[in-house]
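Enquirer: This is what each chain is made of:
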Amino acid sequence: MNRVALEVENLSVEFPSPGARGLFQPPATFRALSDISLSVATGEVLGLIGESGSGKTTLGKAIVGLVQTSQGQIQVDGTALDIQKDRDRHELARRVQMVFQDPFSSLHPRKTVGHTLAEPFRIQKTAGRNDQTTKVNALLERVGLSPTHAARYPQHFSGGQRQRIAIARAIANQPSVLVADEPVSALDVSVQAQILNLLDDLKSQENMAMLFISHDLSVVRHLCQRIAVMYLGRIVEIGPAKELAANPAHPYTAALMSAVPRVKARNKARSKPIVLQGDVPSHAAIPSGCPFHTRCWLYEKKGCPARCRTEVPSLDKVDSARQSACFYSTEVESPDNGA
Amino acid sequence: MDLLNVSNLTVSVVRQAHSAAIVDSLSFDLQQGQCLGIVGESGSGKSTAAMAIMGLLDSKSLNVSGKVIFDGTDLARLSPKEFRQLQGTEIAMIFQDPMSSLNPVLRIGDQIIECVQAHRRRNKKEAREKAVDVLTQVGMPDPEGMLERYPHQLSGGQRQRVMIAMAIVFEPRLLIADEPTTALDLTIQAQILELLKTLSRDLNMALILITHDLGVVSQMCDEVIVLYSGRDVERGPAEEVLEHPSHPYTVGLLGAHPSLDADDSRLTPIPGAPPSIWHRPSGCAFRDRCKHAKPQCAERIPSLFSTEREHHKVACLLNGDVSMERAIA
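These protein sequences, in sequence, are chains A and B. Under the UniProt record's numbering, the first residue of the first sequence is numbered 1, with each subsequent residue one higher. Under the UniProt record's numbering, the first residue of the second sequence is numbered 1, with each subsequent residue one higher.
Heads up, a few of these hints could be off.
[Unchecked claim] Within a straight-line C-alpha distance of at most 30 Å, the following computed DSBU-like cross-link-like pairs (lysine-lysine) qualify: (1) Lys302/A / Lys197/B; (2) Lys135/A / Lys61/A; (3) Lys301/A / Lys197/B; (4) Lys61/A / Lys301/A; (5) Lys272/A / Lys67/B.
Just so you know, the hints here were simulated from the structure itself, not pulled from any lab data. Treat the numbers as computed from the prediction; the structure is a model and nothing was measured.
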């Protein structure tokens with residue numbers, strides 16, 4: 001196993017909840033993330049999936065230091081960095097970088113691409129004025145663009161090319177951890193594949209740990225070695241991508257997998273997808289017990305056991321590599337082999 | 001008889017004496033109760049085609065030509081008033097983003113009631129009852145209480161249900177759904193797709209589903225048309241097209257998206273990006289991204305011709321070669 005590059009322990013993030021409060025009352029808060037623990041090794045891609053409001057983006061931002069954590073610890077290369085301290089923040093920016101979803105708003109429209117890409121070198125003082133251009137050119141080539149592109153502005157590029165530029169900026173100083181937040185969601189299918197292949201190459205060449213946040217299960221399944229499934233701010237299942245997709249150990253994972261619209265495989269009848277009832281509950285009213293029990297098909301099938309309503313299931317080992325937060329994880333049938 | 005018959009539908013935009021087609025001679029038929037998928041990437045003209053059928057395009061800035069015959073009536077011959085009577089009663093449409101299709105300052109109930117009263121003379125009480133009816137039909141929890149709510153109080157899936165409810169008030173015979181689930185989460189997408197399927201069966205309603213997701217097409221549609229740069233490059237029964245894609249673009253689309261079941265083979269992206277309508281290559285619009293392109297591809301725009309299978313048509317000069325290469329690979 002490679003060296004652990006990112007380690008998150010018991011991380012919680014709280015946000016002030018919107019809504020009225022008295023002038024002298026402390027603001028009420030809600031938990032966007034509760035008790036998240038995970039680790040990613042160098043050269044590994046961990047996929048983070050979940051629906052909107054599941055906290056996947058918040059977790060990404062917490063790791064990059066863009067949101068304040070309220071509990072727990074984040075270690076990069078074995079050291080915990082405190083974003084309140086200027087020096088630590090500077091160090092964090094070198095070791096942890098992020099690629100955002102929308103390449104149309106994440107690049108400065110009035111700076112040339114060359115200027116944007118030279119910025120990480122200037123800030124981290126990793127290149128002198130003279131070799132900046134060489135480094136920028138090398139960077140452009142590494143992401144499949146050409147050095148002549150350096151003089152142009154973001155508006156001259158297509159969505160896929162812009163995302164390449166954003167990736168180039170992120171890997172400029174060889175970070176240990178790259179957080180990619182829905183990097184291909186804004187792109188057309190034919191262009192998506194180009195970026196996915198690029199990320200795939202980079203992960204092995206650059207030897208960095210990658211956290212890949214996405215709502216697209218097939219993309220995550222393709223790119224990642226391990227997957228963590230989030231629901232209402234918690235990890236409900238985590239494990240190797242292949243097994244998790246083929247043989248889910250949490251009813252929510254099973255429902256997600258079966259809800260992916262697939263191109264029918266030849267001569268293969270598919271079982272009916274599990275359609276969950278209702279919407280994801282709001283953070284202000286997280287259900288008691290297992291947060292998923294209000295939409296859980298297994299809960300209904302088992303005749304609504306009281307335990308699911310009263311006890312919060314912890315993330316327990318299913319086998320050596322996999323953990324699931326469900327009391328009945330052994331009874332989850334995979335969507336395809338299921339009845 | 002066909003429910004809908006579209007022939008040579010062309011929508012073009014004129015700029016400084018140059019004209020470019022957003023949709024270029026699109027033709028298709030649709031039967032009662034059938035589901036047609038129109039697939040393409042952004043800029044392929046799929047939404048514009050739908051808007052043209054619905055009569056929603058601004059005729060001052062765009063040139064629309066071609067024939068749209070709905071149930072034996074040529075829509076171009078209708079007076080604006082007659083056309084308006086048809087829109088929303090016989091043909092209805094839902095859009096991608098339900099938040100921007102609903103009026104944010106009106107209650108859900110008022111919006112549905114307005115929709116009922118716009119077409120039929122009903123008093124408020126009858127219209128309200130109808131509103132509760134349709135909300136029940138689309139599976140909305142607590143339909144009575146929902147009437148009093150504002151759009152911002154609803155989730156994305158609920159908003160899309162409201163849009164569908166408004167669309168089916170008069171049990172239209174054709175529903176055009178433009179990327180109805182793109183803005184929604186996976187589990188909600190599954191709910192909405194199932195709802196559309198049930199409604200189309202119960203009301204014997206034809207469905208035109210515009211999407212970029214071939215998985216959705218496979219799950220929902222009987223027929224499919226693949227659009228690239230304004231032209232249909234491949235069409236036929238959905239299962240047939242997805243199993244034996246014959247146009248390099250369709251083959252490319254299928255190869256570019258990872259599959260949940262397949263193993264970790266490397267993706268084969270389509271190089272480059274779709275051309276803008278002002279800079280299309282001559283001849284086949286796909287040729288400069290196509291690995292099979294030959295010099296003759298630049299000479300003329302290939303027209304649709306049948307493959308060895310019935311009803312499966314493809315617009316590619318090299319059709320035979322492409323499928324052969326696929327068979328070997």
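Enquirer: All hints, please: hold or fail.
Expert: Okay, the hints, checked on the actual structure:
At most 30 Å may separate the alpha-carbon atoms for a hinted pair to count; lysine 302/A and lysine 197/B meet this at roughly 29 Å. Only pairs whose Cα atoms come within 30 Å are accepted, and lysine 135/A paired with lysine 61/A is accepted, the gap being roughly 28 Å. Restraint check for lysine 301/A and lysine 197/B: satisfied, since their Cα atoms lie roughly 25 Å apart, inside the 30 Å limit. The hinted pair formed by lysine 61/A and lysine 301/A fails the criterion: a straight-line CA distance of about 37 Å is larger than 30 Å.
For a cut-off of 30 Å, the pair hint linking lysine 272/A to lysine 67/B is broken: about 40 Å separates their Cα positions.
Hints 4, 5 from the list above are not met by this structure, while the remaining hints are.
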